[in-house]
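Assemble chain D onto chain A, guided by the hints.
In order, the protein sequence lines correspond to chains A and D.
Here the first sequence stands for residues 1 to 402, where the numbers follow the UniProt record's numbering.
Here the second sequence stands for residues 1 to 246, where the numbers follow the UniProt record's numbering.
In case anyone wonders, no lab produced these hints; they're calculated from the structure.
Nothing here was measured: the structure is a model prediction, and the numbers come from that model.
The hints are all genuine.
Listed below are the simulated DSSO-like cross-link pairs for lysine-lysine, each with C-alpha atoms no more than 30 Å apart in a straight line: (1) A:Lys265 - D:Lys109; (2) D:Lys154 - A:Lys266; (3) D:Lys94 - A:Lys341; (4) D:Lys137 - D:Lys126; (5) D:Lys94 - A:Lys265.
So the derived label-pair ranges between C-beta atoms look like this: (6) A:Trp108 - D:Gly39: 39 to 49 Å; (7) A:Val288 - D:Gly184: 47 to 57 Å; (8) A:Ala205 - D:Trp130: 41 to 51 Å; (9) A:Arg24 - D:Gly29: 49 to 59 Å.
Footprint (simulated), chain D over chain A, 3 or more residues, beta carbon under 8 Å: (10) 253–265; (11) 329–339.
Backbone N, C-alpha and C define an ideal beta-carbon position, used for all residues, glycine too.
Chain by chain, the residues:
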Amino acid sequence: MNNLQEVWSKRFNHYMTEVQKYMRFVFTGHLALVLVFVIGAVGYQYSEWLKVVSDTFPAEWIVAIVAGVILALSRPVTLLRQPDQVYLLPLESSMMRYFKKALTYTFWSQLGLPAVVYIAAIPLLNTVTELSSTQIWIGIIFILLLKYVNVQIEFNYRYSNRGANTVVDRIVRAVLSILTIYFVLNWNIALAVILIVLLIAYNTALQKKVKTLPIPYEHFVNLEQNRMMGFYRFANYFTDVPHLTGSIRRRGWLNFVYNLVPFGKKNTQSYLVFRTFIRTDDHFYLWVRLTAIIGVVALIVNIPIVTWVITGALAFATTLQLKYALLSSSDFRMDRLYPVKENQRKDAVQKLLRLFMLVQAFIVLFCSIGQPLFFVPAIIVLVLSEITFKFSKDPSNNDFSY
Amino acid sequence: MALLQLTNVTGGYTRKPVIKDLTFSIEQGELVGLIGLNGAGKSTTIKHIIGTLLPQKGEIRLDGVTLNEDIDQYRSSFSYIPETPVLYDELTLKEHLELTAMAYNIDEKTLAQRSEQLLKEFRMEKRLNWFPSHFSKGMRQKVMIMCAFLVNPKLYIIDEPFVGLDPLGIQSLLDQMDEKKKDGASILMSTHILSTAEKHCDRIILLHEGQVRAQGTMNDLRRSFNMPNATLDDLYIAMTKEQDNE
Chain A
1 MNNLQEVWSK RFNHYMTEVQ KYMRFVFTGH LALVLVFVIG AVGYQYSEWL
51 KVVSDTFPAE WIVAIVAGVI LALSRPVTLL RQPDQVYLLP LESSMMRYFK
101 KALTYTFWSQ LGLPAVVYIA AIPLLNTVTE LSSTQIWIGI IFILLLKYVN
151 VQIEFNYRYS NRGANTVVDR IVRAVLSILT IYFVLNWNIA LAVILIVLLI
201 AYNTALQKKV KTLPIPYEHF VNLEQNRMMG FYRFANYFTD VPHLTGSIRR
251 RGWLNFVYNL VPFGKKNTQS YLVFRTFIRT DDHFYLWVRL TAIIGVVALI
301 VNIPIVTWVI TGALAFATTL QLKYALLSSS DFRMDRLYPV KENQRKDAVQ
351 KLLRLFMLVQ AFIVLFCSIG QPLFFVPAII VLVLSEITFK FSKDPSNNDF
401 SY
Chain D
1 MALLQLTNVT GGYTRKPVIK DLTFSIEQGE LVGLIGLNGA GKSTTIKHII
51 GTLLPQKGEI RLDGVTLNED IDQYRSSFSY IPETPVLYDE LTLKEHLELT
101 AMAYNIDEKT LAQRSEQLLK EFRMEKRLNW FPSHFSKGMR QKVMIMCAFL
151 VNPKLYIIDE PFVGLDPLGI QSLLDQMDEK KKDGASILMS THILSTAEKH
201 CDRIILLHEG QVRAQGTMND LRRSFNMPNA TLDDLYIAMT KEQDNE
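For reference, chain A alone in the conformation it holds in the complex (with noise of 0.2 Å):
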């Protein structure tokens, strides 16, 4: 069946052209600003702390669970789709050469996060253990065993036990992945050895299991569907991401911030607009993280020069994204007809993006207390966030057609 291959790599080719896609925007945005600064420090953190780092410290064990509980985490990448429900059933037979594809690229995709885990802790490994290079390096190629496996194990787990209570087998594996790597690392590799064949032989045992059972559609599709949705979810904070409508949460304790707008005729974006920057996890917390990441440098970096510019740069970022996820909006809402002045939704966005931006300038001026010119952060904040809202394009749909 040739034509199974082509599904898969139709998918494929589709899948990363719309990962590619939104993955422009993040690391066009501030993110990539943030994680140069942060891997920068962190990475003289440790570089520093190698020198005092004292010989009992249990490195061994510290990175064996790190990278084993990684390893743990292989939730098989299928690309099925809810029509395949229907439209791939009389295939089931041959559908296994379509799940072969999607581990291998299940497995190069996710080996990358615990093989870089790995290779930072070498310098770390290298001045703790007693280990040559040699054996250290070789830890890396039971990492990429490990993975190979875990990934195999966790499909054919979900497969034949239909998605139901994989935390038992997450658990199973990530203790066996540990104990392995702990025993590579103290050179004991006859013991890791056997629990890899201990692995190897639990996946048989599955597999036995999958020969006899129908492709339990609803569980990959569902598990595909999340996956998909929590990239959107993160691509949408860089992007406008179509037709993506996130989670609510009421958030009772902020229904106070509702007083500052009336009832009546000329409040009706404001109403809306509130609620909806408040009660949307997107949004919401789109505003509390940036906010938070401002107060942590404020109060941690004694550079002044650096905590303004990186306050500069991320009170635009808020502003900006906030601006267009409230403004831009390619679906119909009710609100498209109510009798109202064309720019209240514009007004309304203002008046609540100076309300939030002002508690943001306060946040940061109580984490600046004590530094140099301490109120100058607070200042960027407004400053920048007014003259972003003024001069960003308008994002605003004015195209009535839906």
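Relative to chain A, chain D alone:
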């Protein structure tokens, strides 16, 4: 003067028109049914009337004004119940009513009176503080209906109102429509439920391939199809067959 007057309206989503040269009117206190097959142009017609699509040619007058002449008056004159309920996930039922009241300049006292009566009629009193994610399709539809009737406008535009409603809900909606008609409001309703349309509509507009095929009272239609004693179902089928033979 007719409350709603469409004159030679041509329009659609792209340059290629979906509705062609539509001319019809709705008088005050009239319930008019807009009937047609899937894709005949019912929803497109409605989108032009509510102003989310603008006509390529022709003119739509509501209570004497076009959308361009006085957008506030135009929009205040109607309320709209879409085919699929469009709710705000982040607003409770109570807040949907409040938001609508604010937009249409209804004071809090009137809001309280009207919503109490509507909530009772549609048996939704106990769900005032619920978010729409907990509502069934029918309940979502009821929220839309309550918001529309809260406004008390001159014209109600209702797209496929009976889909998803339980029998009690349908009865409540019909009762509300009757009551508003008695008060002098007009209603334009598109539907596939022909028996209900035949029973309740004062006049019927038969839409086919974007054009008005026939319009008038049931008796007018029977005469124009030459089918005395025919039901609306019979006429509807006759219309589609006639077009197939052409």
